[in-house]
Amino acid sequence: MKFLDMFTHVKTVSVNETKRVVREQPFGEYTLLDVREQVEYEKGHIPGAVFMPLSQLPDRVAELDPEKQIIAY
Amino acid sequence: MKGGFDAWNDIASKAEVDQGIYLIEGDESSEELLALAYGLEEENRRFYMTVSQALKDAETQDLFRMLSDMEEKHKESIWDRYRSVSGEQIEREQFETTIVTGVLEHGKTAEETLSQFMEWIQTTADAVELAMALETDALDLYLRMAHKTGDGGSKKVFFSLAEEERMHLKKLATLFQRKLSL
Numbered sequence: 001m002k003f004l005d006m007f008t009h010v011k012t013v014s015v016n017e018t019k020r021v022v023r024e025q026p027f028g029e030y031t032l033l034d035v036r037e038q039v040e041y042e043k044g045h046i047p048g049a050v051f052m053p054l055s056q057l058p059d060r061v062a063e064l065d066p067e068k069q070i071i072a073y
Numbered sequence: 001m002k003g004g005f006d007a008w009n010d011i012a013s014k015a016e017v018d019q020g021i022y023l024i025e026g027d028e029s030s031e032e033l034l035a036l037a038y039g040l041e042e043e044n045r046r047f048y049m050t051v052s053q054a055l056k057d058a059e060t061q062d063l064f065r066m067l068s069d070m071e072e073k074h075k076e077s078i079w080d081r082y083r084s085v086s087g088e089q090i091e092r093e094q095f096e097t098t099i100v101t102g103v104l105e106h107g108k109t110a111e112e113t114l115s116q117f118m119e120w121i122q123t124t125a126d127a128v129e130l131a132m133a134l135e136t137d138a139l140d141l142y143l144r145m146a147h148k149t150g151d152g153g154s155k156k157v158f159f160s161l162a163e164e165e166r167m168h169l170k171k172l173a174t175l176f177q178r179k180l181s182l
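Just so you know, the sequences run in chain order A and B. Numbers 1 to 73, taken from our numbering, label the letters of the first sequence in order. Numbers 1 to 182, taken from our numbering, label the letters of the second sequence in order.
Among the hints, a few may not be true.
[As the list claims (entries may be wrong)] The following label-pair restraints were derived from C-beta to C-beta distances:
#1 A:R20 <-> B:V100: 18 to 26 Å
#2 B:W120 <-> A:Q56: 42 to 50 Å
#3 A:L54 <-> B:Q89: 50 to 58 Å
#4 A:P26 <-> B:D151: 12 to 20 Å
#5 A:Q56 <-> B:E88: 37 to 45 Å
#6 B:R92 <-> A:K43: 20 to 28 Å
#7 A:P26 <-> B:G150: 17 to 25 Å
#8 A:G44 <-> B:E163: 18 to 26 Å
#9 B:M118 <-> A:K68: 21 to 29 Å
#10 A:V39 <-> B:Q94: 39 to 47 Å
#11 A:Q25 <-> B:K14: 21 to 29 Å
#12 A:Q69 <-> B:D151: 21 to 29 Å
#13 A:S55 <-> B:R46: 38 to 46 Å
#14 B:D18 <-> A:P26: 24 to 32 Å
[What the hints assert, rightly or not] Capping the alpha-carbon separation at 30 Å, the derived lysine-lysine pairs in DSBU-like fashion look like this:
#15 B:K171 <-> A:K43
#16 A:K68 <-> B:K148
#17 A:K68 <-> A:K11
#18 A:K11 <-> B:K73
Think of the hints as simulated: they come from the structure by calculation, not from any bench. We put the beta carbon where it would ideally sit given N, CA and C, even for glycine.
Use the sequences and the hints to build the structure in full.
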């Protein structure tokens, strides 16, 4: 991670805004990212959320498209 | 997302990480993916019809027959898309001989799902809730398959199938509200 990345603003998205995205936005324009552990993911997750636990994020971040909106939870 | 998943109060899938994803390798052609989706829809159609025949309540029977009919319509649109994508002059009967069935849209077999849920359905609302859970998992599976496949054309196929499931869920939600308000 570069020094300036530590100062990159990460926007907080509300649940209602996320619902709007999930219900209306064309698929492929956004990525939902579930960063919890597997047991939590399998108890329930937002449909289509990519499962990528925090511990794996550094090694798998290249799987994500930086051009798309990414909503993580 | 503010509040994390604990704050989420909308549809949620309980599919396991690898549930159903074994159905694709990631390098399938659009035609192969559409054939796979056709098989999943057919298995769901049969499942809903089986549930309809096993239930005693007339209203719930009608609900599951309606769901079975909706899956048949999904098959029609997939068949139309298949002919458009393949460009082949293939008869539907011939196409159906290539279809692999045995797995529902959410990634489990009909037998697994039936044994898990049949004792749980007591009311029409239970039945709609089950159908919404299955359709939510189907939406989840198609989107996870879209993420897995590396091919842009295949992604589009899965996204369009997911969009149909999303519309399907909206119809079920409307029906659920109507049933609850009776």
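Against the structure, the hints come out as follows:
| no. | hint | verdict |
| --- | --- | --- |
| 1 | A:R20 <-> B:V100: 18 to 26 Å | violated (37 Å) |
| 2 | B:W120 <-> A:Q56: 42 to 50 Å | violated (35 Å) |
| 3 | A:L54 <-> B:Q89: 50 to 58 Å | holds (52 Å) |
| 4 | A:P26 <-> B:D151: 12 to 20 Å | holds (18 Å) |
| 5 | A:Q56 <-> B:E88: 37 to 45 Å | holds (42 Å) |
| 6 | B:R92 <-> A:K43: 20 to 28 Å | violated (41 Å) |
| 7 | A:P26 <-> B:G150: 17 to 25 Å | holds (20 Å) |
| 8 | A:G44 <-> B:E163: 18 to 26 Å | holds (22 Å) |
| 9 | B:M118 <-> A:K68: 21 to 29 Å | violated (41 Å) |
| 10 | A:V39 <-> B:Q94: 39 to 47 Å | holds (45 Å) |
| 11 | A:Q25 <-> B:K14: 21 to 29 Å | holds (23 Å) |
| 12 | A:Q69 <-> B:D151: 21 to 29 Å | holds (22 Å) |
| 13 | A:S55 <-> B:R46: 38 to 46 Å | holds (41 Å) |
| 14 | B:D18 <-> A:P26: 24 to 32 Å | holds (27 Å) |
| 15 | B:K171 <-> A:K43 | holds (25 Å) |
| 16 | A:K68 <-> B:K148 | holds (16 Å) |
| 17 | A:K68 <-> A:K11 | holds (14 Å) |
| 18 | A:K11 <-> B:K73 | violated (41 Å) |
Figure legend: structure checked against the earlier numbered hints; hints not met, in rising order: 1, 2, 6, 9, 18.
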